[in-house]
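Student: Listed below, chain by chain, are the residues.
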Amino acid sequence: MNTPAGTPALSTSGLNKRFGSLVVANEIGIALPQGVRYALIGPNGAGKTTLINLMTGMLQPDGGHILLGGEDITALGPEQRVSRGLVRTFQINSLFPHLNPLEAVTLAVCEREKISRVWWRTTAGYRAAVDEAYDILKSLLLAPVCTRETRELAYGQQRLLEIALALATRPKVLLLDEPAAGVPRDESTELFTAINSLSKDITVLFIEHDMELVFRLASRIIVMVSGGILLEGTPDEISADPRVREVYLGGAHG
Amino acid sequence: MSTASASGFAGPQQYLEQQARWRTVEIVFWLCTLLPFVVAPNYLQLASQIAITALFALSLDLILGYAGIVSLGHAAFFGFGAYTAGLLSKHGWGEPLTGLLLSGLAAGLLGYAVSFIIARFRHLALIMITLGFGLLLLELANSASGLTGGADGLQGVKMWPLLGLFKFDLWGVTAYWYSLIALFVLFLVSRRLINSPFGLSLRGIRENAVRMRAIGAESRPHIRTIYTISAAIAGVAGAILTQTTETVSLGVLSFERSADVLVMLILGGAGRLYGGLIGAIIFMIARDWFSGVNPQYWYLPIGVLLIAVVLFLPNGILGGVSQLVNTERGQRWFGWLTLPPAWLPSWRRGA
Chain A
1 MNTPAGTPAL STSGLNKRFG SLVVANEIGI ALPQGVRYAL IGPNGAGKTT
51 LINLMTGMLQ PDGGHILLGG EDITALGPEQ RVSRGLVRTF QINSLFPHLN
101 PLEAVTLAVC EREKISRVWW RTTAGYRAAV DEAYDILKSL LLAPVCTRET
151 RELAYGQQRL LEIALALATR PKVLLLDEPA AGVPRDESTE LFTAINSLSK
201 DITVLFIEHD MELVFRLASR IIVMVSGGIL LEGTPDEISA DPRVREVYLG
251 GAHG
Chain B
1001 MSTASASGFA GPQQYLEQQA RWRTVEIVFW LCTLLPFVVA PNYLQLASQI
1051 AITALFALSL DLILGYAGIV SLGHAAFFGF GAYTAGLLSK HGWGEPLTGL
1101 LLSGLAAGLL GYAVSFIIAR FRHLALIMIT LGFGLLLLEL ANSASGLTGG
1151 ADGLQGVKMW PLLGLFKFDL WGVTAYWYSL IALFVLFLVS RRLINSPFGL
1201 SLRGIRENAV RMRAIGAESR PHIRTIYTIS AAIAGVAGAI LTQTTETVSL
1251 GVLSFERSAD VLVMLILGGA GRLYGGLIGA IIFMIARDWF SGVNPQYWYL
1301 PIGVLLIAVV LFLPNGILGG VSQLVNTERG QRWFGWLTLP PAWLPSWRRG
1351 A
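Keeping their order, the protein sequence lines are chains A and B. My numbering applies: residue 1 is where the first sequence begins, and numbers increase by one. My numbering applies: residue 1001 is where the second sequence begins, and numbers increase by one.
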């Protein structure tokens, strides 16, 4: 990485977005240093997914800037941001139902390697790409099911495939939108082991509602309320803050 | 397609190679296409029409079955190729092979121009746009009667002998060889294409275009490429029709032709390469037969057939067949057909 030390991997300044009169992003300024594990928490409707959509280019902000490794990417399309290393997963599975995991991840690798325009050679001929895809699947425990159609996989495996697809793009910054959403508690361990063992070069921001997981995995936490950042800090600072208890944790954790 | 998993997983490479390998049933199919020469020498003209239609259906399968681009106006490219071949011959160039090449090129160029619009839309909007474009071209050909002969058709198409040796005879021997070889060659190209990284991306676009963006893939260039290739193949099919029948009528551009080819593809099963071929064979033979029985209502049985297929075999005839073969009993009896023949790997190995 040739960005000067201290440059955040991803940062936003003055990010604004409104749907009609509803403000979904209000002057959002965050800076994620490289390699840090961030959790993004907040009550439903706080604008967490909207923020991810803004950062990845799925939505255009009304104002403000997004910088990836110091480069202004506000005007770039989603695919261009991905090829620069800003990658996301989806809260609701967004996969390729009739492709199997091996095909899907190989597809992502081929797109990254810019060989996806080649129509005169077989995919199997690209040994390195196929091996890389298979290695990613192995690391996420998906190798045994890699030739079954995605739609036939267990839900937890589909969530893992979401991450596998993201990893195949070689992200610098990875945004995980509720990676364990809908996964039973006993199955989510695999998921969070996978997230925890991601390379330390990757900056990770994840949305999660399970506070135990948040406190276990995140080194820093951002709290959002009604489209704005309420607070940012270490897990200890966050859990000690009375405002957070009030708006988010409620009385239950007290 | 998913039979390979049953035969054990040797590794990712081997698996993908296996998927792309020739299966026994494919070789049987292509050998069967030679049967008309022996069994039905009086029907070679029909056989040639079937091969042409199959090639047209193949071109539609590439965009609809693989990339998920719906089209109700694909006859535009078929017709454009047909008229190009006809006009070339009428104005003095009756050499078939170069004529074929130029017609495919012309249709491909038209396809490339249109693809910029196509790539921006999906689903319903695409149906309307392709439909409108098809009708537009039909009306254009109709009103430019000085060039195309309008409703009377293009007269004066005369083809030179193929390779300077084989005349297009009355019985259709040359015609069937010609269309069959063109079909086979372009099938080989398509088969290679769908097993390539590009083919994989097309399936990704069909399955989830939004997700494609999120893995850093731009769908539009892919869509433009496949649309151009598909248009060129459709143009070649149209050109062969002109060259083997030595006439062009407005029918090559008609809405009916666009709709029929869609019906064939749905009958046979889209997204399987062979679906369009099987669909074309069934459709054309049924049409020939039923129109012999009752020239007025021959569409009725085809309609019934289509409804039955859509109701009971949502993935077309081939989809139904592959479901049967994938059952335990089906594997036991017909599994060998879906595997590469035993002698093939011996000289293809080494990769």
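Hints are not guaranteed to be accurate.
[As the list claims (entries may be wrong)] Looking from chain B toward chain A, a few residues come up when the C-beta cut is under 7 Å (computed):
#, residue
1, W1022
2, E1026
3, I1117
4, A1119
5, G1132
6, N1195
7, L1200
8, N1208
9, A1209
[As the list claims (entries may be wrong)] With the Cβ distance kept under 7 Å, some of the chain A side facing chain B (calculated, not the full set):
#, residue
10, N44
11, S116
12, D135
13, S139
Just so you know, these hints were derived from the structure itself, not from any lab. A quick note: this is a predicted structure, and the numbers were derived from the prediction, not measured. Glycine residues also receive a C-beta, built at the ideal position from the N, C-alpha and C atoms.
Student: Hint by hint, say whether it matches the structure.
Tutor: Checked hints:
1. W1022: violated, 12 Å
2. E1026: violated, 16 Å
3. I1117: Violated, because the Cβ-Cβ distance from B:I1117 to chain A comes to roughly 19 Å (cut-off 7 Å).
4. A1119: Violated, about 14 Å.
5. G1132: violated, 29 Å
6. N1195: holds, 5 Å
7. L1200: holds, 5 Å
8. N1208: holds, 5 Å
9. A1209: At about 10 Å, which exceeds the 7 Å cut-off, the nearest Cβ of chain A leaves the hint on B:A1209 violated.
10. N44: violated, 23 Å
11. S116: It holds, given that the least Cβ distance between A:S116 and chain B is near 4 Å, below 7 Å.
12. D135: violated, 9 Å
13. S139: violated, 14 Å
When each numbered hint is compared with the structure, violations occur for hints 1, 2, 3, 4, 5, 9, 10, 12, 13.
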